[in-house]
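J.: The listed protein sequences correspond, in order, to chains A and B. Each residue of the first sequence is one higher than the last, beginning at 16 in the working numbering. Each residue of the second sequence is one higher than the last, beginning at 14 in the working numbering.
Honestly, I wouldn't trust all of these hints.
BS3-like, lysine-lysine: derived pairs with alpha carbons at most 27 angstroms apart [said to hold, decoys possible]: (1) A/K29 - B/K201; (2) B/K182 - B/K87; (3) A/K124 - B/K279; (4) A/K29 - B/K115; (5) A/K29 - B/K279.
Don't read these hints as lab results, they were simulated from the structure.
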Amino acid sequence: MNNQITKPQKSPLKKKQALLGYLFVAPWIIGFLVFGLYPIVMSFYYSLCQYDVLRVPQFIGLGNYKELIGHDPYFWKSIWNTLLYTVVRVPLVILGSLLLAVLVNNAVKGIRFFRTVFFIPSIITGVVLSALWLWLLNPQYGLFNSILAVFGIPGPLWLQSPHWSKFSMVLMSLWSIGGGRMLVFLAALQGIPTALYEVVDIDGGGWWAKFRHITVPMISSVIFLWTVLEVIFSFQVFTEAYVMTKGGPLNSTLFYNLYLYYKAFDDFSMGYASALAWLLLLIILVVTLMQFVVGKKVVYYEGK
Amino acid sequence: MKRPNFKTSRTFVTYLLLICAAVVLILPFIWIISTSLKGSESIFAIPPQWIPKDLHWDNYAKVFTKMPFFVYLKNSVFISVMTILGTLISSSLVAYAFACLKWPGRDWLFIFVLGTMMLPAQVTMIPVFVLYKQFGWLNTFKPLIVPAFFGGGAFNIFLLRQFFLTIPKELFEAARLDGCSEFRIYWKIVLPLAKPALATVAILTFMMTWNDFLGPLIYLSDKLKGTLALGLAMFVGQYQTEWGVLMAASVLVMLPVIVLFFLFQKYFIRGFMMSGIKG
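Okay, chain A solo, but in the shape it has when bound (with noise of 0.2 angstroms):
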């Protein structure tokens, strides 16, 4: 690649590289042009519009957002379904990761090999995460259930119960506490210094008190990351939901973006679509900035 640039600078090095920066970078300004601001935009305006991509959207100003808000009862079914499934998801799976971190932060033989083990499940997501636990949460013949009776607990219908539907599936999301999250936190945990822990020893505390003095504030910068990032993915559902249950039993797994795709490609009210996922983009930007307001008075960061 020669450069062509030839005009007399004070740094000519450095001009060459600040264009070639640009051209390095080209391809991500493009792809965001196009995949990206464009898109928003355009969404922004189907929003307002009435549009079922054959004819040319029908500009309505804010009768989408008034419908959705004011005579939508499936909209509010869907937010209620989403903040449920997030409230009790987030919490168990970021615990999950955790205790299993602080477990396989034993220096103890072989704790590669079930590193490796409690990673495996984690590769294992969308539809056929979806098509294997269908099987798992059979009412009859699952593996729950089976296992439940063994004890004598008839257990309950899961999937096709409105009243477990949706913590079926967060059971189901954690079968993958082992997976990059744990991780993350086990690369963190390897950061305390052990020093701090025999501070514990000497005042006489034992695991809970390391756990909940010493762990849990050292890597609260990560816990809470994760967390936030947990909660746009739990806002996101959809695949699991799409396979499973198609929304049901009595819409109880009708959640938010299962709701967006069916009117978008089932429907085709586009516009109406494109106003749920600005509702959805403004909703998840609200939540963020809430968590980092109460994050800022919790989170210890190192250094500050």
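Based on these hints, arrange chain B on the given structure of chain A.
T.: Chain B alone, transformed into the frame defined by chain A:
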């Protein structure tokens, strides 16, 4: 208050917990593989049989006759390979700009790139769909492949940048003094050194693409254009009572992922360690 066997009892409890956790996490796999080899009479047996009495390999054979498995496999492999290729090329170029070149606005733009990770895909989904429809790209693989060549994903850019930053500055300076062009430095020095990081990006991209469902669902409506994930989802709808066959299909779809995991384990793990998301 020192007990003589404190250390051994602690180790014992650790192992006990480790083994319990491992059993709980692995049990589903055993159950699934066992089901995939069972005939319907033993699937519905009570109490359940962990080891099937006679092995029904025909469940696997049925998968191949009931869905165009090899067509889907070919499609999934093609889409994955092209996406990996696009991602590697473009994310490494962009990461090079962020890590190895100095230009005004660089650090500001980098934070912006990271910020785009928070953007829910649903916000761009509909206009992008309309755009592809106008291009005449519906029912082709292009919507699933082309975006990878433009940026390659914020997370991958981030990972590669972090890795490029660890390359000693002297290497660049020496090469530049020798009159080496930036593209040559990128191609001949940085990329060969970054092979482990590139492998990590390739593996993570493969996992994402192989398991992607929403993309193929929206863009590939022609039955023979489908991917394995899409095919399996249709299979779930059609054969929800033939659990042996459904589990065999699931095992076949996840097999490449599991094999790759065991072959390239360290790259999986490095990806997360390298990201070092520490706030």
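J.: Take a quick look at whether A/K29 and B/K201 sit within 27 angstroms of each other, Cα to Cα.
T.: holds, 22 angstroms
J.: Decide if the proposed pair is consistent with the structure: A/K124 and B/K279, CA atoms, cutoff 27 angstroms inclusive.
T.: Holds, at about 19 angstroms.
J.: With a cut-off of 27 angstroms on the C-alpha distance, tell me whether B/K182 and B/K87 pass.
T.: violated, 43 angstroms
J.: Between A/K29 and B/K279, does the CA-CA distance stay at or below 27 angstroms?
T.: violated, 39 angstroms
J.: Within 27 angstroms, alpha carbon to alpha carbon, are A/K29 and B/K115?
T.: Measuring from Cα to Cα gives roughly 8 angstroms; hence the hint holds.
Of the numbered hints given earlier, the model fails hints 2 and 5; all others are met.
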